[in-house]
Each structure stands twice: as structure tokens, then as C-alpha cells.
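Respectively, the protein sequence lines represent chains A and B. Numbered per UniProt numbering, the first sequence spans residues 1 to 233. Numbered per UniProt numbering, the second sequence spans residues 1 to 556.
Since the hints were made in silico from the structure, they are not lab data. We treat Cβ as the ideally placed atom computed from N, Cα and C, and that holds for glycine. One should not assume that every hint holds.
A short list of chain A residues far from chain B (calculated; beta carbon distances all over 10 Å) [to be verified]: (1) R57; (2) Q65; (3) K118; (4) P142.
27 Å max Cα-Cα, derived DSS-like pairs, lysine-lysine [to be verified]: (5) B/K203 with A/K118; (6) A/K82 with B/K355; (7) A/K48 with A/K118; (8) A/K151 with B/K355.
The primary structure of each chain is shown beneath.
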Amino acid sequence: MSSDNRPFVTDDSQVLTDTRDARMTGEDNRFNSKLREAFGSSPFILTKFDKFMNWVRGSSMFMLQFGIACCSIEMMHTYAVKHDLDRFGAGVPRASPRQADVIIVPGTIVSKFAPRMKRVYDQMPEPKFVIGMGSCTISGGPFQEGYNVVKGAEEVIPVDIHVPGCPPRPEALVYGVAKLQERIANGESSPVTVKPYELEQFGDLDRDEIVDQLAREIDEEDLVMRYNWADSP
Amino acid sequence: MSLEEPEPDVPAPVEEQSPDELAELLGDHVIGREEHLNAPGYVIRPDAVQDVLSTLKEEAGYDHLSCVTAQEYEDRYESIYHLKKFDDPTQEVSVVVPADRENPVSESAEPVFRTADWHEREAYDLVGIDYDDHPDLRRILLPESWQGHPLAEDYDQDRPQIVPLRENANPLQEDHRGEDDTDTMFLNIGPHHPATHGVLHLKTTLDGEQVADVESDIGYLHRCEEQICQNGTYRHQIMPYPDRWDYISAGLLNEWAYARAAEDMADIEVPEYAQVIRTMGAELCRIAAHMLAVGTFALDVYGDFTAIFMYAIRDREKAQNILEDLTGQRLMFNYFRLGGVVWDLPEPREEFFEKTRDFLEDLPEALEEYHDLISGNEILQMRTIDTGVLPPEVAKSYGATGPVARGSGIDYDLRRDDPYGYYDELDWDVVTEDGCDNYSRLLVRLREVEESAKIIEQCIDLLEDWPEEDRTIQANVPRTLKPDDDTEIYRAVEGAKGELGIYMRSDGTDKPARFKIRSPCFSNLQTLPEMAEGEYVPDLVAALGSLDIVLGEVDR
């Protein structure tokens, strides 16, 4: 045991000076970063709060773990080893929509699934962003002729970035995500609801023959989605 | 469960009945005879379906209802029951049941074969045939509120449709109590849920923590594959679609299903060299598909997105790289053509062979790692041994095939039992396990990877020494294929998930009049309630993972 029982007290004036000197003279590289190079040794950054928030949003995106069809396999590869989307600050898949702010729509959307996808999208907190992955989310892709296939994700939810391909390679998806991040950082993302989707109260639909027929079976207060195949693009 | 090799036993030849013997056996239920390319067809009275099928099952040994095809003719509706034997799938018979044009009703086969339940519901949904006696005849793929039957002749595709979004029942709001006041709770799993491997909806009723009842609600990825194939020409327009049925990299296996059916229908002989390339490519796909199955199964059991899943993806990437060199695509290969493959091995060939050999060389070590991490792990063993039990008799009555059947000790593999390609020239074994549980199904997949590697290795040896002047990759196939009018064929191959079959009927044009896909996952998924009822919720998830379904193939 040491003879002096003095509690350990740091000479803080000395420490601060040493640390600051080390930073400024570059002797100790631990504190130096790209940011510091950009902003100089001063720890102050002057920026607009909006701009800062946009930068933060773009740099830390929580993706929704959302698999639909073939593209989700390539999406898994994008998250996993080799392509590792996490390198770009966008690789934390969240199982719950309430924790996610980006939804990648990876696959064909069919009539039965579209209302469910809308529901999942609605559950995400704002601001939220959508990446449409693959041809099916653009136009229905190879299944466009199908009697049951919704002709693109934009029939249901607004889409920020379309990544074409069938399926797009992981590199393409990474590029799409990077582009989205760039747009978000520049404050350019699309407003939350850009396209009126045809989700409405049952009672608001035109009373045609089908609605009349279904009115007996379906609750009038029920949310319904109406697909007009002939007028779809 | 056993880790040692099963005894090599030579199966006794299965007794085969001649078509006339069968006709005699069925007696006056038969009102006509047809000849399908794969099997004799018997037209029977629509009210004698159960009699005929149970006679065939009990007395003639046709214990595998492979597929039910429904179709509409100008003057009648028709359901075809494709029957096979688990012991010898080359013995086939088609039972054709006509139904009236105005009032299409025929007897349900569900009491004889449990698998008919979903198959008949699909026939009702898409074509519009009513099945008498069916326990639960309602739509399966399309939403309940759908108007019309889309594969029927008079369906108007431009007609608007309305699909309701019912609020999923909230388990906190009210208890769904049973009649006798047991404390059951209703739980929705899916359609968007990480453990359902896509868009599957499980309506689960829980009694405490145990599953009292589970009902799969499918159709969230029904992409009208059959309609699209019926609109495409045989020669080129159909081949891209099989890649997208089972999209877990099993592309070439699926393409082979179509190639085999169409080649047999149009009588095309595939050059041997092309068959070897096909065999090699298909087995590479099988490795990639099983890797994902193993990785996601571990993910389901451990909830672990780190080591095992990443290891599996790492090995898939290697297989996908080789396939990309071969076909030019990572996932949707579109590599087979009727009569061969689209192009030869990539140049320089030595490099390709070397790359593939490197992959095979690393594989035993990787598999060792998987056994360390997964199958040798006590936690996983506790979770999977004796859970999700599927006895062989139940598996057969549901028409389960592939690793699911082989994990229940059913020695059924079309690569060996109904040989195609180059499989019968090569030296490999069919893997079976007798445990009937989740663990056996996992082991079957891991060991099938080894067998696939054996096959690929032999194919590479063959390809390396193949004489230069004999490298024919495609047979001479006419530009437009028009098989004879009213030719019918049902042909199956062993996909990654099991028996993947295609039924085609030609009407003399260059497009099929009816194109029906028999998907292994569709039948395998039906066994889920048998496996899960009475088990805990996590075991339900493990059982679902061990089935290795892919929704693109379940819904088509």
C-alpha cells in the first residue's frame, strides 16, 4: 500500500492542454477524422438543423425486413457477406414496421397482398422512404399480364427509388440505396403521399353491380381495395 | 435418428398391372379410356371418384396422388387425378373425371387422399369445379371476394375486382374461446413476418403456449404462372418463368421440369453432352437452395442473423458465382432450351473446371463447420429432435416429397426412381433419415449437399474428357413446336423441394391449352398442421422452417 492516501486526482488543466496539443499538432492521430479535417480543429459545426437532420437520416437507415418474392433473395444477399449493405449505413433490418424507416419492396404484388402491404407501410413512422426493387414493382414485370397482379408498387404506395432488373443484382440495389441516401441528405425525398391510392371506405365506392353484389357479404365499414385492371397502365 | 449410412438394400420390384387389368379392377366405374403420354387414362363416372381412387390405392398400390389438374373443354369440365406409386413412380395412372358443363360437380377425393383437399380447392378457385363431399370448399389462392374463375373460358380479365382488408383479429381485444370455455387465443402469424419465409399467413389458435390449431392462408404471391405459361409459345416464351417458381436459386431444376415435359411431348432427343451440363448445373442449384434452407432454418431456430446465416450465404455466393459463369445470370438463369442448353461451358474451360473443383474441395470443410455449428449443437438438437413429427404414412397421404418425405424415411427420389438426364450413369446415393422430425429434415438437406457435390465432381470429370468433336449442346428443334392435338402429358423431376411436375395438354397450336404446375411446396405445406398441432409456438416456426417452403412455388 502506498504511503500517501491522497485520492487520485488528475491535473485536469494539464490533461486538457496535452490533449488539445496532441490534436492540433497531429501527434496523436486517434482523434483525427475526416470530419475534423473538413471542419478544422474546432469542435463546432455550424449548419442548419434541417440539413443536419437530413444528413443523419440518410446516414442511418433502418430497413424493414420485408420479403415478398424472388428479389428478396437478392436482397438477403445484399445484406449478407460480400455485399454487406451495412457498410453504407443502411443495413439494420427491422422486423417491425414501427422501427423501420425504409421499406424495400422486393417482388410482385398481387391483389391479396396489396392491402396488407399498404397496412405495413401505414404503420411505419414518418419520415419514411420506399425503394421499389425489381421490374415487378415498376410495372408488374414479367407477370404484368396476370389477372391477379398489381401493375407496380406505385398503384399502392409512393415509391422514391426504382431499381430495375429481374432481379437486380445486389450491386444495383446498393446503388439504389446509395442514391436514396444522397437524395435524403439533399432533402429531396418525395412527400409521404404523392399518389392517391385506391384505398377507401367501402361506402365511398361507386355503387356498381359488383359493389352491390358484395355489399351483402362485406362490411360497409371495411377497408377495401378496388382494382381496375382495364385502366391500369 | 441415425448418422450412419443406411444399409444398401435392393428394393424388390413392384408389381405392375397392365392397363387392362386395371380397367377390370375398376369395373363399370370406367366409362372410357384415354391414352396420356405418361400413363393410361380412365374416364370414370363423377360420382365414383372415392371408390375408384380407394380401389387403386388399396388394391393396386397407387398410394401417391401426385397432382390434380382441372380444366375446361368446350363441352365439359374435367379433373385429372395423377396417381403414382411411392415405390416405383414410373408406374402411373390418370383418373379422368368429367363434369357437366352447366353444373360442374364431381365427388371429392379428400377422404381417400388428404392432399386432395388443397388441390381441389385450387381447382375450384381457378377453374370453378365443385367437389361434392369436400370438407371445406372455398377459395385458396384468390381473395374470398373475387368474382369469377380466372382459368375458365368465360372469365373477363378487365372486370374490376374488390379486395377487402379485414383487420386482423386482435388477440388482446377478445379471447377466442372455444365451445367448452377453454382458454384459447387467436394469433396471426404473417403475411408479413420474418419466420414465414415470404408472404404466408398462419392463422393459429393457441391453448396456452401450445398450438391447438393452425391454418395456412396462402395466395399472397399468386402470380398467375399457369395463365402466363398458357399464353406463351413452347419454344422460347415459357422457359423464363420456371426460374421464378422456386426462386431460391433452384432455377435450373425448375427449368428442367418444363424441359422434360415439353421434350417428351414433342419427342426431342437431348444430346448427352447437354445432359451432363444440365445435371451439373442442376446440382449446383440444389446446393445453393439447400444452403439457404439450412441458413434460414438456423435463423428460425436460433433467431441468429449472424454466424450461420452468413456462412450459408457465403457458400451460396460461391455456387452462384459458378452458375453465373455458366449461365450469365445470378438467379434467373434461363439457361435450358428445349433440346439442350443455350450455350456451352464458359471459355477458358480449364478455369471454369478449376473454379468448380475449388468449390467442391472447400465444401467438406464447410459442411464440417455446419455440423459443428448446427447439427452437433445441443441447443438445436433439443429444439428439433422429436418436434414436428411427421410419420411416413401421414406424409404419403399428403403427397409430401423431397427432403420432407426423405426425412420421414420414405425412399423416394425421382432422380433415381424415374431417371432423367445423366443421373442413372453416375454414382450417388439417395439420402433418407428415419427420425421423421425437424432434425432429420435438416440432416437430409446437409447430406444431400454432399451427394450433389459427388454428382458435380463426376460431371466435371466427364466434361473434361469429353471428345472435342462431340460437344453438341442442342438438338435440332423446329422453330415452331406444334405437338399433335390433344396430346396430354404429366412429367415430374426432383426439384430442390421435391417432386416438381408439369401437366400439359396441347390443342395443335404453338401454345399449351392447359399448363398445370404441381409444386412440391404446395403439398408439403399441407402437412404443417399435422406437425405443429400440440407443439409449442417456437416448434411451429421450426417445423415451418424445416419444410423449406418457398411461396412463389406454393402460390405460383
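Against the structure, the hints come out as follows:
Non-interface status of A/R57 relative to chain B is upheld: no Cβ of that chain comes within 10 Å, the nearest being about 24 Å off. Its beta-carbon lying about 5 Å from the closest one in chain B, A/Q65 breaks the requirement of being farther than 10 Å from that chain. Distance check for A/K118 against chain B: the nearest CB is about 7 Å away, which does not clear 10 Å, and the non-interface claim fails. Distance to chain B contradicts A/P142 as a non-interface residue, since its nearest Cβ pair spans about 7 Å, not more than 10 Å.
Of the supplied pair hints, the one linking B/K203 and A/K118 holds, its CA atoms being roughly 20 Å apart against a limit of 27 Å. Proximity of A/K82 to B/K355 is assessed by CA-CA distance (about 18 Å); at most 27 Å being required, the pair is judged to hold. Taken as a hint, the A/K48 and A/K118 pair is broken in the structure, with Cα atoms around 34 Å apart against an allowance of 27 Å. Proposed proximity of A/K151 and B/K355 is contradicted: the alpha carbons are some 41 Å apart, above 27 Å.
The structure fails to meet hints 2, 3, 4, 7, 8 from the earlier list, while all remaining hints are met.
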